[in-house]
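A.B. asks: Spelled out from the first residue to the last, the chains are:
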Amino acid sequence: MKVPPPLGNRWLKILNGFEDTHVMIFIGFGFLMTFLKRYSYSALGFNWLLAALVVQWAIVCQQFYEMKNYEIFINKKTLLEADIMSATVLITFGALLGVASGVQLLFIAVVEVAVACANMYLVNDVFKATDVGGSIAIHTFGAYFGLGVSLALRSKKGDSDTGNGQAAHVADLAGPSYASDVTAMIGSIFLWIYWPSFNSGLADTPEGYQRAVINTYLSLAASTVTSFVLSALVSKHEGRFDMVHVQNSTLAGGVAVGSVCNLYTGPGGALAVGIGAGIISPRLAKFGILDTCGVNNLHGMPGVYSGLLSILFAGLATEENYGDGLHKIFKAMDPAEYTPARTAGGQALYQLAALVVTLVLSFGSGLITGFITKLPIFDRLKESEKYDDEVNWELP
Amino acid sequence: MKVPPPLGNRWLKILNGFEDTHVMIFIGFGFLMTFLKRYSYSALGFNWLLAALVVQWAIVCQQFYEMKNYEIFINKKTLLEADIMSATVLITFGALLGVASGVQLLFIAVVEVAVACANMYLVNDVFKATDVGGSIAIHTFGAYFGLGVSLALRSKKGDSDTGNGQAAHVADLAGPSYASDVTAMIGSIFLWIYWPSFNSGLADTPEGYQRAVINTYLSLAASTVTSFVLSALVSKHEGRFDMVHVQNSTLAGGVAVGSVCNLYTGPGGALAVGIGAGIISPRLAKFGILDTCGVNNLHGMPGVYSGLLSILFAGLATEENYGDGLHKIFKAMDPAEYTPARTAGGQALYQLAALVVTLVLSFGSGLITGFITKLPIFDRLKESEKYDDEVNWELP
Amino acid sequence: MKVPPPLGNRWLKILNGFEDTHVMIFIGFGFLMTFLKRYSYSALGFNWLLAALVVQWAIVCQQFYEMKNYEIFINKKTLLEADIMSATVLITFGALLGVASGVQLLFIAVVEVAVACANMYLVNDVFKATDVGGSIAIHTFGAYFGLGVSLALRSKKGDSDTGNGQAAHVADLAGPSYASDVTAMIGSIFLWIYWPSFNSGLADTPEGYQRAVINTYLSLAASTVTSFVLSALVSKHEGRFDMVHVQNSTLAGGVAVGSVCNLYTGPGGALAVGIGAGIISPRLAKFGILDTCGVNNLHGMPGVYSGLLSILFAGLATEENYGDGLHKIFKAMDPAEYTPARTAGGQALYQLAALVVTLVLSFGSGLITGFITKLPIFDRLKESEKYDDEVNWELP
Chain Z
1 MKVPPPLGNR WLKILNGFED THVMIFIGFG FLMTFLKRYS YSALGFNWLL
51 AALVVQWAIV CQQFYEMKNY EIFINKKTLL EADIMSATVL ITFGALLGVA
101 SGVQLLFIAV VEVAVACANM YLVNDVFKAT DVGGSIAIHT FGAYFGLGVS
151 LALRSKKGDS DTGNGQAAHV ADLAGPSYAS DVTAMIGSIF LWIYWPSFNS
201 GLADTPEGYQ RAVINTYLSL AASTVTSFVL SALVSKHEGR FDMVHVQNST
251 LAGGVAVGSV CNLYTGPGGA LAVGIGAGII SPRLAKFGIL DTCGVNNLHG
301 MPGVYSGLLS ILFAGLATEE NYGDGLHKIF KAMDPAEYTP ARTAGGQALY
351 QLAALVVTLV LSFGSGLITG FITKLPIFDR LKESEKYDDE VNWELP
Chain E
1 MKVPPPLGNR WLKILNGFED THVMIFIGFG FLMTFLKRYS YSALGFNWLL
51 AALVVQWAIV CQQFYEMKNY EIFINKKTLL EADIMSATVL ITFGALLGVA
101 SGVQLLFIAV VEVAVACANM YLVNDVFKAT DVGGSIAIHT FGAYFGLGVS
151 LALRSKKGDS DTGNGQAAHV ADLAGPSYAS DVTAMIGSIF LWIYWPSFNS
201 GLADTPEGYQ RAVINTYLSL AASTVTSFVL SALVSKHEGR FDMVHVQNST
251 LAGGVAVGSV CNLYTGPGGA LAVGIGAGII SPRLAKFGIL DTCGVNNLHG
301 MPGVYSGLLS ILFAGLATEE NYGDGLHKIF KAMDPAEYTP ARTAGGQALY
351 QLAALVVTLV LSFGSGLITG FITKLPIFDR LKESEKYDDE VNWELP
Chain P
1 MKVPPPLGNR WLKILNGFED THVMIFIGFG FLMTFLKRYS YSALGFNWLL
51 AALVVQWAIV CQQFYEMKNY EIFINKKTLL EADIMSATVL ITFGALLGVA
101 SGVQLLFIAV VEVAVACANM YLVNDVFKAT DVGGSIAIHT FGAYFGLGVS
151 LALRSKKGDS DTGNGQAAHV ADLAGPSYAS DVTAMIGSIF LWIYWPSFNS
201 GLADTPEGYQ RAVINTYLSL AASTVTSFVL SALVSKHEGR FDMVHVQNST
251 LAGGVAVGSV CNLYTGPGGA LAVGIGAGII SPRLAKFGIL DTCGVNNLHG
301 MPGVYSGLLS ILFAGLATEE NYGDGLHKIF KAMDPAEYTP ARTAGGQALY
351 QLAALVVTLV LSFGSGLITG FITKLPIFDR LKESEKYDDE VNWELP
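Chains as they are written, first to last, in the UniProt record's numbering: chain Z, 1 to 396; chain E, 1 to 396; chain P, 1 to 396.
What the hints contain is simulated information worked out from the structure, not anything from laboratory work. Here the structure is a predicted model, which means the values were calculated and not measured. Here a beta-carbon is modelled for each residue, glycine too, at the ideal position from N, C-alpha and C. There may be inaccurate statements among the hints.
[Said to hold, decoys possible] To be clear about the criterion: a stretch of chain Z counts as covered by chain P if any three or more of its residues have a C-beta under 8 Å from a C-beta of chain P, and this derived list gives those stretches:
id: 1; segment: 21-32
id: 2; segment: 46-54
[To be verified] Beyond 12 Å from chain E on every Cβ pair, some chain Z residues (computed):
id: 3; residue: Leu361
id: 4; residue: Arg380
id: 5; residue: Lys382
[As the list claims (entries may be wrong)] Calculated cross-link-like contacts (lysine-lysine; reagent style DSSO-like; alpha-carbon spacing at most 27 Å):
id: 6; chain 1: E; residue 1: Lys68; chain 2: Z; residue 2: Lys77
id: 7; chain 1: P; residue 1: Lys128; chain 2: P; residue 2: Lys331
id: 8; chain 1: P; residue 1: Lys37; chain 2: P; residue 2: Lys382
id: 9; chain 1: Z; residue 1: Lys68; chain 2: Z; residue 2: Lys128
id: 10; chain 1: P; residue 1: Lys236; chain 2: Z; residue 2: Lys386
id: 11; chain 1: P; residue 1: Lys328; chain 2: P; residue 2: Lys77
id: 12; chain 1: E; residue 1: Lys386; chain 2: Z; residue 2: Lys236
id: 13; chain 1: P; residue 1: Lys328; chain 2: Z; residue 2: Lys77
id: 14; chain 1: E; residue 1: Lys328; chain 2: E; residue 2: Lys386
id: 15; chain 1: E; residue 1: Lys77; chain 2: P; residue 2: Lys77
id: 16; chain 1: E; residue 1: Lys382; chain 2: Z; residue 2: Lys236
id: 17; chain 1: E; residue 1: Lys328; chain 2: P; residue 2: Lys77
id: 18; chain 1: P; residue 1: Lys374; chain 2: P; residue 2: Lys386
id: 19; chain 1: E; residue 1: Lys236; chain 2: P; residue 2: Lys382
id: 20; chain 1: E; residue 1: Lys328; chain 2: E; residue 2: Lys128
id: 21; chain 1: Z; residue 1: Lys386; chain 2: Z; residue 2: Lys328
id: 22; chain 1: E; residue 1: Lys68; chain 2: E; residue 2: Lys328
id: 23; chain 1: P; residue 1: Lys128; chain 2: P; residue 2: Lys328
id: 24; chain 1: E; residue 1: Lys236; chain 2: P; residue 2: Lys331
id: 25; chain 1: E; residue 1: Lys77; chain 2: Z; residue 2: Lys328
id: 26; chain 1: P; residue 1: Lys37; chain 2: E; residue 2: Lys236
id: 27; chain 1: P; residue 1: Lys77; chain 2: P; residue 2: Lys331
id: 28; chain 1: P; residue 1: Lys77; chain 2: Z; residue 2: Lys77
id: 29; chain 1: Z; residue 1: Lys382; chain 2: P; residue 2: Lys128
id: 30; chain 1: P; residue 1: Lys37; chain 2: P; residue 2: Lys328
Same shape as in the complex, but just chain Z:
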């Protein structure tokens, strides 16, 4: 591995992306997952351990496809990409929070990063799809990989080792306390605050960077207001808010706008995207698959929605709107580089391909990984050990 001379001015200027994303990964995801009453140490600890491991492993995996002479080059952009990749694993961790052991999580992380980097190579370099905020390659991938693992881990009926008393104990631990919901808000709000930096961090042009910041900000603001209103309408006691919605659906606007935030959506479009996200995200129905943090609602469905939006806005892209920037954002539409250059419609089809491939690859590889972690060589949690820090920590 080598440290090359710095990229020019641009990366020094739009430097914030790295530091801000860093806060999202380690504080944001970490504290958001402290909502369980007796799993805060594990949420924070595994979040930290997994992310610190993944940033190292992702540097290797992400550059696998670009290596020359077996050398890896690292600059600040590399670190930002590694931080972003670790989000994928942390989303998956959210689906499995409290039900997977440390050894299982480490194995899952290592496999997932390898597959996710391959998928990202397909999305960005083969399909040349636009996905600046990673809603397809990060959020959708992480969520459906996690649900694949979760489906594989599902206990068969009669598999439980718990009596009624223990079942009640586990059900109790699977919920929040007043204090744990407050610490979860630290994570949720920091994720919300820096989401514009996350989505814009890898933008290729200053105009695209500014659009990404503005559209993400507007979409988040709209999804937040929508989520609060909807929460008051659908919660058990009418007119009261539900922390599950407030901690999660507020953020859906950031995911939903991710793939299109650097495109010409217009501010009205960004607000509409956010309102849509606020509507589809609150966790009303549940599938049969265990999903502790509701990553399907926060990352999965909004990610797919963002992928669909990217098909729409790619299809609408014209040189009139984007000027010079068109070929920087949609590289395969540049006739100087690719012959024949894609049309807007062609680009839209490739966006669709990126979304479908991501869905299939993530869920499939998650399912296989999940089955592997059921092998006897892996440490598995008993029912009575779920959602409990006791298993993993020296407690005071």
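Based on these hints, arrange chains E and P on the given structure of chain Z.
C.D. replies: For chains E and P alone, coordinates are given in the frame of chain Z:
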């Protein structure tokens, strides 16, 4: 609404203002208000909802006076201004914490932003007063609007629906717990940390920007040391600190220096401003008006103090000190643009006008808004429902 | 004191160093020290008070050696240096957490900054040692000054005023609660996140800046994974993590790489440094000296380790590796400025001198300061008052 091409380099460089202010609004104000023992969900939730609503509404209101062809232009500076405007509403929320219902708060926010944007137009564009950190147009306005509402909402004697037992219950909830005072410190310290970014975010020249950062930092450091010393002197048990002072008066230095931080105060002047703020801020006497967070002490009086300082330093401004920057900071003193150009004394008078108009407009419109929210169509809290998350949230 | 015109572009660009370090000092150190169950107010409050005092005092002390005509110049770099200096005092505070009174702490802070600034002048200006992240002049100094004070404050046998019941009470307060360990993680993770900004903030060249960010990031990631693994191996129940390791040893990689992060360590070298830090840091053995936060393990030993590494990498420095940057980093090796210019080996010797002088000066002056604070004019804590907020705060 349209997204224009980016402002030049300057706004990319002094970008931090936006991200840092964002942290202050959503983490800073939100967590500072979690100090009540049973109102943390509401503090964080309403803070988030109100701010997310206001940033959208403020974009419209702030640009109302500059619109051409009914089009609104948005860039990163627009977002920063919207974030700053939401501070006004959150200051008002602080005065009413625990005693206003969600519906009342939403109505108050919508009205307040419209009036505050009109007032800001008067201060900045009509009076051409200098107020880079918003101590006049944001802090003073938000505090006295809130006290106006609070005065209007004051229960008449005998209006209470509580027996003695319930009154004790409400009085108990109106205070902090050990844990809630710790989470409040998250907010207080983040506000403190990023205050230099808040005050300098809209500075017009690089020199003014750097002066704003340095003066704010020095003033905050001085007000913090002063607050601790004073707290130890005046608290119930001599020599002990009081969290009310520590969470609030420490910040008064940031408000007090706000209107003058980009001016030539000199470091000694900035320290003196901070010491003064630390002396006037600790909440010793209370008026008859309910003010849950003590916004009069943190934002009101220090804001007026800052306005008075701006009269002083405007009166002292000379070309010798400011060089080219003089006419960028005091635009009406530029003979190339305004005939006849203002003298320093004339500018001082306009600073006074800005302060007086802000005080009258904020308190008056707050009072009227308060009376409107007492109309039967608004949901009002009973005495027994005050300071209690139970009313607004599904609790674990 | 005067505010000069701004430094050129560079300091506006690499501005993050200031804001990010600010978060580390006030949130990072503050919350990390809330791990004691009944000392959170004091940890946060004294951290804030001491740092706010020190940033003012450090501006004076640091510029004492550069003053012309008794004038002090302040720019953003000055503020960053003052923030960094306050870390020294907060590290010392960590060693004494819960056992020193407020008056003692204030006296210690004032003396320590004066001596630490003299030591920094020796390290940077006399020895011209490289120490960009301050592992020698900040971390090593702060830790061994603190241990010097702690040794002096050690109670003689039979000095205790507590009966058995009280001793048990004090021992109980000297540990964490579940909630206090969670709030401590806020501090620990924010320190971790912004460490690359801390270490790179004062880098002299863009290349050195980027190397400092990357090497610090890699070293931290490596020390984190190593710390978790080691914690699971050595904790009381095998396979469980211990919060003491997780909150502290994870950070040791940042200290360990501090003095060399802007040098050519290569990414592999940075990872190795971090792994080494993760191995030496977990608090396995304790000396007889009281050290509440374990600053010897987090700052002391990793700081010495970093100083030793700086001897190694200075000795290996060649013009081939560094190009033009060589003489900016190792100023005394520049023949245009110093005759005779140092060789790499000579520079290595001066690195050693810087480390040894820092160790002797910090421990010695700490010991003397500690003995002075035992004089009757200082307020001292009784055994029964240790680790207890009650002494210093109005509690709810």
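A.B. asks: Run the structure past the numbered hints and jot down the numbers of the failing ones, going up.
C.D. replies: Per hint list: 6, 14, 21, 24, 29, 30 violated.
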